[in-house]
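Asks: Sequences are here, hints too, so could you generate the full structure?
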Amino acid sequence: MPTPDEVPLVAHLVYSFGCGGLQTLLAECINRIPAQRYRHAVICLTPTRGEAQRIERADVAFYDLHKPPGKSPATHLALWCLLRRLRPAILHTYNVGAIEYNATAVLAGVPVRVHAEHGRDSVEIDGRHRRYNLLRRLLAPAIDAYVPVSHDLVGWLRHTIGIPESKIAMVANGVDTARYAPAPIAAAPALAPWPVWIGTVGRADRIK
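Numbering (this note's numbering), first residue to last: 984 to 1191.
Calculated from the structure, these hints are not laboratory results.
Keep in mind the model is a prediction, meaning the values are calculated, not measured.
Taking CB as the label site, the calculated pair distances span: (1) Arg1113 x Thr1183: 30 to 36 Å; (2) Arg1068 x Asn1156: 28 to 34 Å; (3) Lys1054 x Pro1017: 36 to 42 Å; (4) Leu1060 x Arg1032: 19 to 25 Å; (5) Ser1055 x Val1158: 34 to 40 Å; (6) Val1043 x Val1184: 24 to 30 Å; (7) Pro1147 x Leu1117: 16 to 22 Å; (8) Pro1147 x Ser1055: 28 to 34 Å; (9) Asp1104 x Leu1060: 24 to 30 Å; (10) Pro1017 x Gly1157: 17 to 23 Å; (11) Thr986 x Ser1055: 33 to 39 Å; (12) Gly1157 x Leu1060: 35 to 41 Å; (13) Pro1017 x Leu1121: 32 to 38 Å.
Cβ coordinates follow ideal geometry from the N, Cα and C atoms, glycine included.
Replies: What follows is the structure, encoded as structure tokens:
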């Protein structure tokens, strides 16, 4: 049995840990990965932790970089210092808001860099935002593997961004059907006249 310090550390870098599907999935992954396989740290560019209570493991540390709006060289320096101190085996970044920091991870000596694409912002619904896509292409050599959550994102990474198929591993987005299961009709008598009810939850954002 390895000691805690011998278990590889994964540092997850997100823009924030506020309410969102990405944050929920990240929390579920951390909860379900065996503790003897990986340790985890969550690094937030902005100090929002509304979903932190979803993480059930007591050994997960949170770090806030307090990034101001716009370009911030100081944030790259702060992350470099933090990565040098934590010495993670993997840096796992999420979406375009965190992708640029893979270059910082290279300079900090992080052995493996993984980037996940969980969707696109409202300003790039069609996936053809010139500046964002140029950034993605420039950073591709610094990223060892990409994890998109849909076939659409796989095709976009391959054909629009130009990522080799060998660097892409799709993990389909989904819902925990054990947790989110239909309630018995008897438990919700007000809904009884209708055989099927469909509900949806999402933030008031154009992309939704």
